[in-house]
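Novice: Sequence:
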Amino acid sequence: MTQNPTSPRMPSPRPLKIAFVIKNFVATGGAERYAVETAQRLLEKGHKIDIYARQIDFDLTKGMGVFKIVDKMRFSSVLSLYSFSKEVKKRLAGRHYDVIHSHDKGCYGHVSTVHTFSFKRGKEKMSLLQKMNEFWISPRAWLYIHMENIQAASQRLAAVSEVIKEDIKKSHHRDKGIAIIPPGVDVEKFCPEKVSALRAKARKDHGLGPDETVVLFVGSEFRRKGLDDLIPALDKKMRLFVVGRQEKTDYYKGLAKELGVSQNLVFTGLVEDVIPYYALADILVLPSVSEAFGMTVLEGMACGLPVVTSAAAGCSCIITSGKNGFVFEKPEQISAMLLALEDKALQKSMGCLARKKAQSCTWDQTALAYEKLYHEAVNR
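So in our numbering, spot 10 of the sequence shown is number 10, and the numbers just go up one at a time.
Among the hints, erroneous ones may be present.
[Stated by the list, open to error] Calculated cross-link-like contacts (lysine to any residue; reagent style SDA-like; alpha-carbon spacing at most 20 Å):
| hint | residue 1 | residue 2 |
| --- | --- | --- |
| 1 | K45 | L60 |
| 2 | K68 | E87 |
| 3 | K45 | C361 |
| 4 | K120 | L79 |
| 5 | K120 | S171 |
| 6 | K348 | C191 |
| 7 | K201 | C191 |
| 8 | K165 | F117 |
| 9 | K86 | R33 |
| 10 | K189 | D273 |
| 11 | K165 | A312 |
| 12 | K237 | K372 |
| 13 | K120 | L92 |
| 14 | K204 | E193 |
| 15 | K62 | K120 |
| 16 | K357 | A311 |
| 17 | K90 | V66 |
| 18 | K165 | F119 |
| 19 | K176 | K201 |
| 20 | K372 | C191 |
| 21 | K248 | S262 |
| 22 | K72 | K48 |
| 23 | K201 | V271 |
| 24 | K323 | Q347 |
| 25 | K344 | A202 |
| 26 | K48 | L92 |
| 27 | K253 | R223 |
| 28 | K68 | K120 |
[Claimed, not checked] Label-pair restraints from in silico Cβ distances:
| hint | residue 1 | residue 2 | range |
| --- | --- | --- | --- |
| 29 | Q359 | E272 | 24 to 30 Å |
| 30 | R74 | K236 | 24 to 30 Å |
| 31 | D273 | R74 | 27 to 33 Å |
| 32 | D59 | K90 | 24 to 30 Å |
Bear in mind the hints are in silico, worked out from the structure with no lab data behind them. All C-beta atoms, glycine included, are put in the ideal place defined by N, C-alpha and C.
Please work from the sequences and hints to get the whole structure.
Specialist: What follows is the structure, given as structure tokens:
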């Protein structure tokens, strides 16, 4: 694939004409929500936004131009992504944009947001046989790495966290032209006043006592997000609500039974509205083994909840451990952190500081950071 299908004129006109490239322009999924929220706020600032996507929620595109990309090769995720990048290139041909902003691998952009770790990450820990099987003799791996390299060649890269920036530097040997632009949060939708108004009913609906400590885990991919480490850390007086796509629940129920906390565990599955669960919770925990960012932590902080997360999670960079949350290096530390947070005064003080921090991490701030990055690309 040739790179840079169009070039920005100099100097940049105002407002900017921006092409947003993402496979799915919908409100579900971290990268997707990131693109939607950013595009909408840039539109409000007067920029012209065109969306290039294969799946589109048209309710989210009011005021934007829309170019629907044909969804091909759905039988293979890597071929589907490759097909998408090729089709986008064709649709962009002959069109002028001040900035092409890509959110996907395989798509070159003047600005490209890196939402995930590289495919090559962890390769050094593999055995020789694993490397041969997963990299050297795998056409799928070659194609995926090829698309990552196209993305990494973009003029400006935006990493969603420090851990992603470090991964880019290590995997692609690039240390220039990389900004860190984390996700934001809607501090009006996720706020202490809203969850306080819902708390009594939410707890009553689930048969919770007013003083019972409730720990909340939000997210799918339970193993990667560390549910295996959270269940053993749970005190028998606590309740744990697991909100997200149910996977291998029999295994986790068995683990809870083995540890004597099976009555303390509630699996809700996917829910349309997560706010009532922030309302009934006292503590939010995201003990991820690997996490590009972790938007649920920011949402919990905006709601005034103290949070516990791992140093491996990108969102750990916004937490001052012991002040507005806890960050652990080893899973063995989770239990002590949860026990400390049974103290209602600590819950309140830490939650207030968490809310204050979240107020400086809004989607408006994310959009402002992209405006700066766009002008850097245009003026280059």
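Novice: Each hint: holds or not?
Specialist: Hint check results:
Distance check on the hinted pair: K45 and L60 sit about 16 Å apart at the alpha-carbon level, within 20 Å; holds. The suggested pairing of K68 with E87 holds, with an alpha-carbon distance near 10 Å, which does not exceed 20 Å. Our distance criterion of 20 Å between C-alpha atoms is met by K45 and C361, whose separation comes to about 18 Å. Under the criterion of a C-alpha separation no larger than 20 Å, the hint pairing K120 with L79 is consistent with the structure, at around 18 Å.
This hinted pair checks out: K120 and S171 have alpha carbons roughly 7 Å apart, not beyond 20 Å. A hinted pair counts as satisfied when its Cα atoms are at most 20 Å apart, and K348 with C191 qualifies at roughly 14 Å. Taking the CA atoms of K201 and C191, the gap is near 17 Å; set against the 20 Å cutoff, the hint holds. Distance hint between K165 and F117 is fulfilled; the C-alpha atoms sit about 9 Å from each other, no more than 20 Å.
Of the supplied pair hints, the one linking K86 and R33 is violated, its CA atoms being roughly 23 Å apart against a limit of 20 Å. Distance check on the hinted pair: K189 and D273 sit about 11 Å apart at the alpha-carbon level, within 20 Å; holds. Between K165 and A312 the CA atoms are separated by roughly 13 Å; this keeps the pair inside 20 Å, and the hint holds. Taking the CA atoms of K237 and K372, the gap is near 49 Å; set against the 20 Å cutoff, the hint is violated.
Proposed proximity of K120 and L92 is contradicted: the alpha carbons are some 29 Å apart, above 20 Å. Of the pairs offered as hints, the one joining K204 and E193 holds, with about 18 Å between alpha carbons and a cut-off of 20 Å not exceeded. For the proposed pair K62 and K120, the alpha carbon gap of about 38 Å is over 20 Å, so the pair is violated. Proposed proximity of K357 and A311 is supported: the alpha carbons are some 18 Å apart, at most 20 Å.
For a cut-off of 20 Å, the pair hint linking K90 to V66 stands: about 15 Å separates their Cα positions. With a C-alpha separation of about 14 Å, the suggested pairing of K165 with F119 holds against the 20 Å cut-off. Between the alpha carbons of K176 and K201 the distance comes to roughly 51 Å, so the proposed pair goes past 20 Å and is violated. Taking the CA atoms of K372 and C191, the gap is about 28 Å. The hint is violated against a cut of 20 Å.
Of the pairs offered as hints, the one joining K248 and S262 holds, with about 15 Å between alpha carbons and a cut-off of 20 Å not exceeded. Our distance criterion of 20 Å between C-alpha atoms is broken by K72 and K48, whose separation comes to about 28 Å. With a C-alpha separation of about 17 Å, the suggested pair K201 and V271 falls inside the 20 Å cut-off, and the hint holds. The hinted pair formed by K323 and Q347 meets the criterion: a straight-line CA distance of about 11 Å does not exceed 20 Å.
Restraint check for K344 and A202: the C-alpha separation of about 19 Å stays at or below 20 Å, so the hint holds. Restraint check: the Cα-Cα separation between K48 and L92 comes to about 15 Å, which is no more than 20 Å; the hinted pair holds. With a C-alpha separation of about 14 Å, the suggested pair K253 and R223 falls inside the 20 Å cut-off, and the hint holds. Taking the CA atoms of K68 and K120, the gap is near 31 Å; set against the 20 Å cutoff, the hint is violated.
At about 26 Å, the beta-carbon gap between Q359 and E272 stays in the expected band of 24 to 30 Å. A hinted range of 24 to 30 Å for the beta carbons of R74 and K236 is inconsistent with their spacing of about 47 Å. Separated by about 30 Å at the C-beta atoms, D273 and R74 satisfy the suggested range of 27 to 33 Å. Here the CB-CB span from D59 to K90 is close to 27 Å, well matched to the stated 24 to 30 Å.
Hint check: violations occur at hints 9, 12, 13, 15, 19, 20, 22, 28, 30; the rest are consistent with the structure.
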